Amino acid sequence: FFVASDAVVAHPAAMSSPSKVAAEQPCGSAEIVRRLWRLLVYMALAVIEFAAIGPSSQFIILTFFAAAHGGGDCELTPSSAPCRAASSDAALYVGVSSGICSSVGAVTALWLGSISDRSGRRPVIGIRAWLSFVPIVALTLHVFFGTTLWVFLVASPAFKAFDVSGVLLAIIADTITEPSARAAAVGIFSTWCITVVVLTLPLAGVLPMWALVVVSLAATLLKLVFFHSAFQETRSPVLGNSAAMPRTLAPGAAMSLLVRDGVILRVALVLVLSSLSFAGLNTVLSPYLTGYLGLTRGAGVVLLLASLGSGALGLAAGVGPLVRGVGEVGALQVCLSASIAFPLLLAGCSCPEQVGIVATLLGAPLWMFLPIVSGIKSNLVREAEQGLVQGALACISNFSTAASDVIFGVLYRHVTVNGTDPDRTSVFPLFFVCSVLAAASWLLACSLPRKLPRPSGCLTSVGADILQPLIHAGA
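Under the numbering used here, residues 6 to 480 are what the sequence shown spells out, in order.
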């Protein structure tokens, strides 16, 4: 993927100006990796931490809720009546808890981004690293000592509420100072994370549950050791009333970036609608696959590998050619077209194998959405405002996700009659709603100018008005 990402680096539309390009030193994929190696190692351990237990935790939760409906091992019989009812309970709980925590995360994302601009990125990442320790320990105690799972069910979404996605992307912007290389850097970062997931998932599909919990706990401890011994600050704290200090602690300052003109406002609405669609599908898909299509842990791992493999290929080899061929806005429209078709095709699948085929075919454009918009966004604002704008975008996405999680969680429980309806077509209206939301987002994207205006008053610029609102939509 290093070679393929160089195509993104060379893309003229990702550059700020001819004079700046002439003075800018080449920054190929090898150089990007050299600069980002600490972040990549940290993220590898963070990915292993949760990827190892991801497939198993779903069935642990279902088995826990199934106890109220007659009991059963939902890893062995996922489509049994107790487990199907448990999937409805889990969808409701996950939807409501995720909605609450996403609302909190919308605020924390905004403030954490701005705080990291003032005080540095490392303290924020350090707090997140220690918070991840709580749900892992809670799950370990449940598996080995039979303690209640409620500690994990509460701690896990609460941990996710501490949203540092904007800070992570700000670290990339701090480290990769060449505007033309940032799209490639985000693509490499995303591809690396997917690669680690792909390498971890086979173990998650074959190892016993207790062994996976041990792997997850070990990755958590190694991550903390690495962070405190090797992770470096990428931004110097801004002190006093320096003119370099942005207006970061006022939410209005962040929101003003998103309503600068009509183009940015439309892109913000694209972010809202796409987040609603993605989050709604995410809430519905997991209980649907287990409760109605009988997805097992092994089959789930295969499905994830197919989707992630397609996504990694798209990130590595598709971003550059697509953006070169149709431009940033055209590439955005292509990715949103895939998000329209995806829910409708899922509704037509009657077995996990068919879902795997659909995920393989459409995984690439869905995953390519993130680096396409991220590379443009990072070049919109001054270096001192990177954390602010990243946090503002994460804030918008989290609020949209919060609403979608709650609404779709409640609707899933309603349309399945608390999980007692054995007909899978009862869930089809929810897939259709997700597709309609994606279609509305695509129509707004089609209204954007093909050549985006450049911002004023910024040190770096590229396609000013698409940059800001879209960074978090593909996460």
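FYI, nobody ran anything at the bench for these hints, they're computed from the structure.
Just so you know, these numbers come straight off a predicted model, no measurement behind them.
Don't be surprised by glycine CBs; every beta carbon is placed ideally from N, CA and C.
Worth double-checking, as some hints may not be accurate.
Stated by the list, open to error - Label-pair distances were calculated between CB atoms; the ranges are: (1) Ala72 - Leu229: 29 to 37 Å; (2) Asn423 - Gln359: 44 to 52 Å; (3) Leu81 - Val159: 20 to 28 Å.
List in ascending order the numbers of the hints, as given earlier, that are violated by the structure.
Failing hint: just 2.
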